[in-house]
Amino acid sequence: MTDFCYMANALLIIFLAFLPQNDYLFKACFFFANGSLAVAVGAFRNQMVFHKYDNLTSLALHIFPQVTTWNLRWSTMPQEVGVAEELRRVTELDTTFSFKKFYLVPVSIYMVWVSIYFIINFVVAAKRIRKRNYDNMFLLYEKKEWAQKIMYKFGAGMAPFIFISAHMVFFILCHCFSILCFYSFEFHTFCIVFWLTWSVWNGSCFYMDYFSKKYEQSLQRMELVEQQLNEDK
Numbered sequence: 001m002t003d004f005c006y007m008a009n010a011l012l013i014i015f016l017a018f019l020p021q022n023d024y025l026f027k028a029c030f031f032f033a034n035g036s037l038a039v040a041v042g043a044f045r046n047q048m049v050f051h052k053y054d055n056l057t058s059l060a061l062h063i064f065p066q067v068t069t070w071n072l073r074w075s076t077m078p079q080e081v082g083v084a085e086e087l088r089r090v091t092e093l094d095t096t097f098s099f100k101k102f103y104l105v106p107v108s109i110y111m112v113w114v115s116i117y118f119i120i121n122f123v124v125a126a127k128r129i130r131k132r133n134y135d136n137m138f139l140l141y142e143k144k145e146w147a148q149k150i151m152y153k154f155g156a157g158m159a160p161f162i163f164i165s166a167h168m169v170f171f172i173l174c175h176c177f178s179i180l181c182f183y184s185f186e187f188h189t190f191c192i193v194f195w196l197t198w199s200v201w202n203g204s205c206f207y208m209d210y211f212s213k214k215y216e217q218s219l220q221r222m223e224l225v226e227q228q229l230n231e232d233k
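Residue numbers for the sequence shown follow this note's numbering, beginning at 1 and rising by one.
Keep in mind that the hints are not guaranteed to be accurate.
[Claimed, not checked] Straight line, CA to CA, 20 Å or less: simulated PhoX-like cross-link-like pairs of lysine-lysine:
| id | residue 1 | residue 2 |
| --- | --- | --- |
| 1 | LYS143 | LYS131 |
| 2 | LYS214 | LYS52 |
| 3 | LYS153 | LYS52 |
| 4 | LYS153 | LYS143 |
| 5 | LYS127 | LYS143 |
In short, the hints are calculated from the structure, not lab data.
With these hints in hand, go ahead and build the complete structure from the sequences.
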């Protein structure tokens, strides 16, 4: 529960429920949702598989914030332009570029999360997490051979720092990507459709693989039954 997607979703809930007039928080939520969370659909190969709770939860954590911020940016806020402040449901739409709102605040929030994540996962609770077989981003990537080679290239002690550094680079690149979504309705819509289609494709591949294996197993069972019948004769 310390991974970035949980924090980003929590901030969006706080904005919607308690601070809908805070433009700083809205922009931070928008850039988180349409930056690293959006790209994570592809990075984690999220699958729209309806009978697997873990798959649907992961997909929802990455997709729902995109859809929510799309609705706020292109529907709710434009409809409330010119409405008196006391009657608006959310903050006034402000498309003026601001280094503070577009970079400083989101990156500062991210750095606070990085610090907390590092302390919890690599200092305070590192042994307990491994002992109880808990999962986090670091442990998930540690299981991948290519990622393990990179993270442990300079020894086990440096692995957490290499992981965090890679995550920071990923976040910054995705953040720049999300700014395009803020200024272009077409691009933002395309991105959401693309990532949803990607998850559907991954889900269909899962089902094809799953049912083909089931079919193969049923054929093998039938062959065994036929062999037994032939032996009995």
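Here is what the structure says about each hint:
1. With a C-alpha separation of about 16 Å, the suggested pairing of LYS143 with LYS131 holds against the 20 Å cut-off.
2. Of the pairs offered as hints, the one joining LYS214 and LYS52 holds, with about 17 Å between alpha carbons and a cut-off of 20 Å not exceeded.
3. Distance hint between LYS153 and LYS52 is unfulfilled; the C-alpha atoms sit about 35 Å from each other, more than 20 Å.
4. Restraint check: the Cα-Cα separation between LYS153 and LYS143 comes to about 15 Å, which is no more than 20 Å; the hinted pair holds.
5. For the suggested pair LYS127 and LYS143, the alpha carbons sit about 17 Å apart, so the restraint of at most 20 Å is met.
Figure legend: structure checked against the earlier numbered hints; the only hint not met is number 3.
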